[in-house]
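*Asks:* Taking the hints into account, I'd like the entire structure generated from these sequences.
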Amino acid sequence: MVSLTIDGKQIRAEKGTSVLEAALQNGVYIPHLCHHPDLPDIGACRLCLVECEGLGAPQLSCQLEAQDGMNVRTRSPGIDRLRRLSMELLLARHPEDCSTCLKYGQCELQTLIQYLNVSAARMHRHIRSIPKRAYPLFRHEMVRCVLCLRCVRACEDLRGVGVLQLRKADLEFYIGTVRDKLLQDAGCRFCGACAEVCPTGAILDAAGFTSAEKNDALLPCVANCPIRLDIPRYLRFVREGRPDDALAVLYEKLPFPATLGRVCNHRCESACRRGQLTDPVSIRGVKRYIADAGGAKWKSKERKSPPTGRSVCVVGGGPAGMTAALYLAKKGHRVTLKEAMPKLGGMLQYGIPPYRLPRDILDAETACIREAGVTVECGCAVERPAALLAEYDAVLVATGAGKSARLPIPGSGLDGVLPGLDFLRNAALGEETGMGKKVVVLGGGNVAFDCARTAVRLGALSVSVACLESREEMPADPEEIEQAAEEGVAIYPSRSFEAICGEKRVTGVRVMTIRGFRFDENRNAILEKISGTEEVLEADTVIFAVGQRPSYGPECGLELKNGYIALIEPGSMKTSVQGVFACGDAVYGTRSVIEAIAAGREAASEIDVFLGGDGDISETLSPEERAGPKISPAEGFSGLKRVPERLLPAEDRRSGFAECACALTEDGARFEAGRCLQCDLRLQIRPARLWTDYEGKEAAP
Amino acid sequence: MLGDNTAALESALSLPAETLREKISSAYLYGAEATLGSVLGGRCRAVVGALPNADADGAPATLASLNPHGLIAGLLAVKRACGAPEALLVLPREEGFAPLLQAAAQADIPVEVRDFLDVRAHKDDLVLHWATLAAVSDILAGNPPEIPAAVGGRLVEIAPGKAIGSNLPAENLKAVRIGSTFYTPAVLGEPARPGLFATGSAIEPVSNDACIVQAAFEQVMKLRQKCCGKCVLCREGLFQFGEIFRGVTEAKSALSELALAGEIGAALIDAAVCSVGKAASSCMLSVLEGFGEELKSHIQGKKCPSGRCQAFARYYVNPMKCRGCGVCIEACPENCIEGAPGYISMIDDAACTKCGKCAEVCPEGAIARTQNRIPNLPRRLTKVGRFRR
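For the protein sequence lines, the chains are A and B, in the order given.
Heads up, the first sequence is in the working numbering, so the first residue is 10 and it goes up one at a time.
Heads up, the second sequence is in the working numbering, so the first residue is 665 and it goes up one at a time.
Treat the hints as calculated values from the structure; they're not laboratory data.
Treat the hints with care, as some may be off.
Calculated cross-link-like contacts (lysine-lysine; reagent style DSS-like; alpha-carbon spacing at most 30 Å) [to be verified]:
1. 24(A) / 787(B)
2. 639(A) / 787(B)
3. 886(B) / 177(A)
4. 890(B) / 177(A)
5. 787(B) / 177(A)
Derived list of chain B stretches under chain A, where covered just means 3 residues or more per stretch with a C-beta under 8 Å from a C-beta of chain A [unchecked claim]:
6. 894-903
7. 925-934
The structure presented is a predicted model; accordingly, all values stated were derived computationally and were not measured.
Cβ coordinates follow ideal geometry from the N, Cα and C atoms, glycine included.
*Replies:* Rendered as structure tokens:
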């Protein structure tokens, strides 16, 4: 450490620090533009001039190493004059369009203009007409560029990419690329470092955001993940050939990676910024690869708190209940998990068919619940959860929404009309489903397609899916619809269900084509039917897959709201009975597996606090290392297409319950991980601090 | 210096470092007032032999073919004398430098080809002008080094202390440009010293027929060609210099701009990290200081003393000579000459762009160009022969 005086203030700084950085780190502001704390200094803008006792002429503080005993003054009339001159010269090439600039209010140049109180009035103006250019993720409005070269240094020195450079044509300088190629063609990695360091509105993010929104806007994959998995981090480990460490990142928040690697609805992928270049990174596919390839190195770092002597009963062994039970056990509580069905898993076990999620995979993953010390009682239905408080300090109800709704249309009570979940459950248990040979499934979500594809596998001769939604609006995952169609499932979108025909046994479904539908204020569907389009879809079996309800009724002893368990406090999982908590589908209706896991984690944390713990269920299992900032250029990077998912041939799929989708190979997984833009690296760059952020600073006189 | 100094190489390699150091300390630093001894003391990573960016295409480049072994000897001698671990030779390009490349290869000296020397990349190095290296080799060979300069693009040697003017015609001189700096002709009488060549090696006369502002403008534009664009003060300052000089020659300038030019010049001459900014600011300051009257004459007097700046010229039809033939009316690209057969032509001074085409075509030589006041002319169309002063 060295000790020096700046403007009469004693400050200490690491040896080797520049006077400028030493001052800034200690809250003393010295104006600067080309300097950025994460980039090498070039001493080009000359705003950071200071006077240093014994050195005579003003010095560039970014080029002056802080040394013991230095006495530095950051202001004098002479320095002010020189700074203002530099700024006037710069402003001669900068348009006065602050009020229409997207950077308004966050612009370093703008605040420097205020601080130094200058304009380019004395200068010959020098505004060039450079057309705006829209890139994926970025906008270049280079007419505002003041050539501070931060972007060039970020691209070259920080990232090692070197796509942006200072160029000269006809005596004019500009920031461009080799041979003035488009960023996409020049090998740009779209990491965003240039936009991050640009002090003015020249290189902008296409999607604007405030500093509060920045992290989520730049890492939409993480922001969109209900459990906020650190996706860029595990992708990086995969790219580096370190699946063990990648798996550790997953286990920090996700107890069932192999399962989610198959059935997650991957909202991360829909948000992935890579999608604006070509296709999103196959994040789910990489997750499945990690779960397959990663070793159990993480286990050694797993949290295991000493016993607290408190007990919890979790009712319902689906993803929400299992997750909550696991983390409560890790926090040292004595946990009992009661599940009505013979095996753990809930919808994973008895809803999602095995061709999407093989049961050996699922069972291997749910084994961690017992390993964590949870007492699992399967085949144990709980009628009145609140009564468990006699035995336990807290109760969590995570019983899901396991009852299929039945539409009140004529014929819905006929023989051969099956609730979708009952059908799937029976199929999973290997029991008689009551299915005939000609099946019509009503509904357009993933459950409908699970039913239809299961029916195909159980030997139905014809299977069709009919739903209200148009083909584009069907809520099922597009790949589900596509694969079902390949397996011979006929799809009748935009149909109203008029009646189920038949005397005693179903003979068909009468449907009409609709132009569209909407819901009125009482949530009744208003259909716009097309007259003369009536038709009958022949069937001996009709399966309802039009929504699900919780299995609990008013007799369970907990207050309900619209049929779901009521929570009595916003942001909390408390039910009407003190000590009884509820989470997951039982509270908010059917959502996704990953949301159930998020709910289970939140519930575990809240119940831990209720039981006297700190509520902290976070774990650090992966190596704590900072990602290197270098990424080097890659020709053709922007055009890299997603590895297509490999499937079993449709013929083979129809004949049994074997898993349809094949895993990514190691090469495939590393390729996909390599397509990641590494948006997280940008967050390592220290954000701009304006002079107003420094204490007690006033603008120059 | 201008002969190949192979003899120096031997002493550069054989003399003990201390002796070497004593011996070469008196060598000049080309372009500076100091001697080599003043820079040998500090630690440096490498000794770099290079041409200054502002003069990389100037005549000193011919040292490479005239005295390749001398340059190498100088480089090696300085390297040994200051104990630098490395030596490096920087060339502006490869073509035309075969003898030097060969000599460097023989002495195992690494060579870099750069059209622009990035001074920042060499901030821990001792960068020396090729002429300094040649001077070192002269000392080693036992010859007192002379000072190279370029006259008419050709490299000549001037003995220190001898007047530099002996190589130039002394008549009809308005100024002398040395490098990018403009001096009054009195400089020709000054004894030659290396510091005179701080902004370049060329000695060029500026005759009384030339406009000093135009000459300075051209010099600034040459330097703008060379500017690398990194330093704000150089990049933007040179732009302003160019615009200011242009404004003066185009009669679009105010006196306040000279103060601005002086302010930028003073800031840049202190701040410049390489020779381009130094040369441009010296150019500006030397014109402001030595030729202020000529600048003011343009701005305040609305007159270019040499008559070179078209913007100040005015064309008029001498009413006594014009025969009313109308040839000028046809030739004027701006259609700003009024007239009729047998009438005296009249030039609309406000619309005239001073292209001079009318004067070229007039069979009577009646159209005149002047920097001065225009004499009394007809105010409306007047028949040939009817005009009276």
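*Asks:* Against this structure, judge whether each hint is valid.
*Replies:* Structure-based check of all given hints:
| no. | hint | in the structure |
| --- | --- | --- |
| 1 | 24(A) / 787(B) | 20 Å, holds |
| 2 | 639(A) / 787(B) | 25 Å, holds |
| 3 | 886(B) / 177(A) | 14 Å, holds |
| 4 | 890(B) / 177(A) | 10 Å, holds |
| 5 | 787(B) / 177(A) | 24 Å, holds |
| 6 | 894-903 | holds (count 8) |
| 7 | 925-934 | holds (count 4) |
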